[in-house]
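Chains as they are written, first to last, in my numbering: chain A, 1 to 201; chain B, 1 to 201.
Any given hint could be a false lead.
[As the list claims (entries may be wrong)] Chain B residues, not near chain A, derived (Cβ > 10 Å throughout):
1. 5
2. 32
3. 117
[Claimed, not checked] Covered by chain A, per the in silico footprint, the following chain B stretches (three or more residues, Cβ under 8 Å):
4. 86–93
5. 170–182
6. 188–197
Simulated from the structure, these hints should not be mistaken for laboratory data.
Predicted model, so just to flag it, every value in this text is computed and none were measured.
Positions of the beta carbon are idealized from the N, C-alpha and C atoms, including for glycine.
Protein chains: 2
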Amino acid sequence: MIGPEVEELIRMLARLPGLGPRSARRMALHLLTHRQEAMVPLAEALAAAAAAVRTCAICGNLDTTDPCAICANPARATGLLAVVEHIGDLWALERTGAFRGRYHVLGGTLSALDGVGPEDLHIPALVGRARPPEVGEVILALNATVDGQTTAHYIADRLAGSGVAVSRLAHGVPVGGEIDYLDDGTIMAALRARRPAGQVS
Amino acid sequence: MIGPEVEELIRMLARLPGLGPRSARRMALHLLTHRQEAMVPLAEALAAAAAAVRTCAICGNLDTTDPCAICANPARATGLLAVVEHIGDLWALERTGAFRGRYHVLGGTLSALDGVGPEDLHIPALVGRARPPEVGEVILALNATVDGQTTAHYIADRLAGSGVAVSRLAHGVPVGGEIDYLDDGTIMAALRARRPAGQVS
């Protein structure tokens, strides 16, 4: 459109998650018309974050330090590991403020179709970490998808007999959810896991 | 979440058009997990485009040259000016390949409410450009919104008596559009501007 620099920028923006060619063009245009206030600072913020951030060798989290702030925090329970698929899941759990243990980021789920095996997923590292007495419980905080649950089953099998308790997140009606809009599987899981009325959580 | 660099990056991404806090977080995470393939090249592409691009002093287009490639192209008709609100509209017209004249970018629409007057909009520059014999026709390619049409009327008034023909884009049923889903105003405009059947365009 207006020179190879802008074509290249639009092409790169269009590859970001959630953006297509149209929204990438709109974003490029917004940036080009706000060069000093938005475009140059964004370029600098990207470069600064890219230079500062590294992967935690213990849990796979991203942070400006290695080990990450969570692994290095003596106030976090060392004996409780939450296993998540992606760093975004770790961020979501952290936002709740309800989990005070540590994490293990798998980097994805097992998938025979895509040729993703246990050694592609930091599962051997998890098996190495999850040993008593250092670790007492592993919470499988994986997505309630077929791939997530397949991976959860595989990990539970691998940890069977290790002496570490293995749990998973509860299934049920999401808070604020309407039963009429839920799928059958969720309703059945919520029925099976029903709790005495009046008891909270 | 993970250091001030990443907080700052998410804050800046969330201010881009079409992104909210959630999608900005997802985008930041994608970039952070693809630092060498996506994040560093994007930072460089942004900086390169910001440094290369300037505003055309004649028409208000963005390009790596001033005057822009359209204003400098001797094959484009000098006598025909399309007046657009924003550079995105100019890009949209260029994508059709159907317009071979030149442009004048207003930079917005008149708005009494927001205190936008003619001098804020490059309208004086348009009145200065749109003189015979250099310019024979001005096409008002403004949005079919209240503000766009108010601005179009104002410009048509200013150019009345200048000897320059003033036209506007046709209203009607969008190509591929379904009448059942159109607003009354569009249907009425399409009825009023009906053409003999069998005639194309």
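Tell me, in ascending order, the numbers of any earlier hints that this structure violates. 1, 2, 5 and 6
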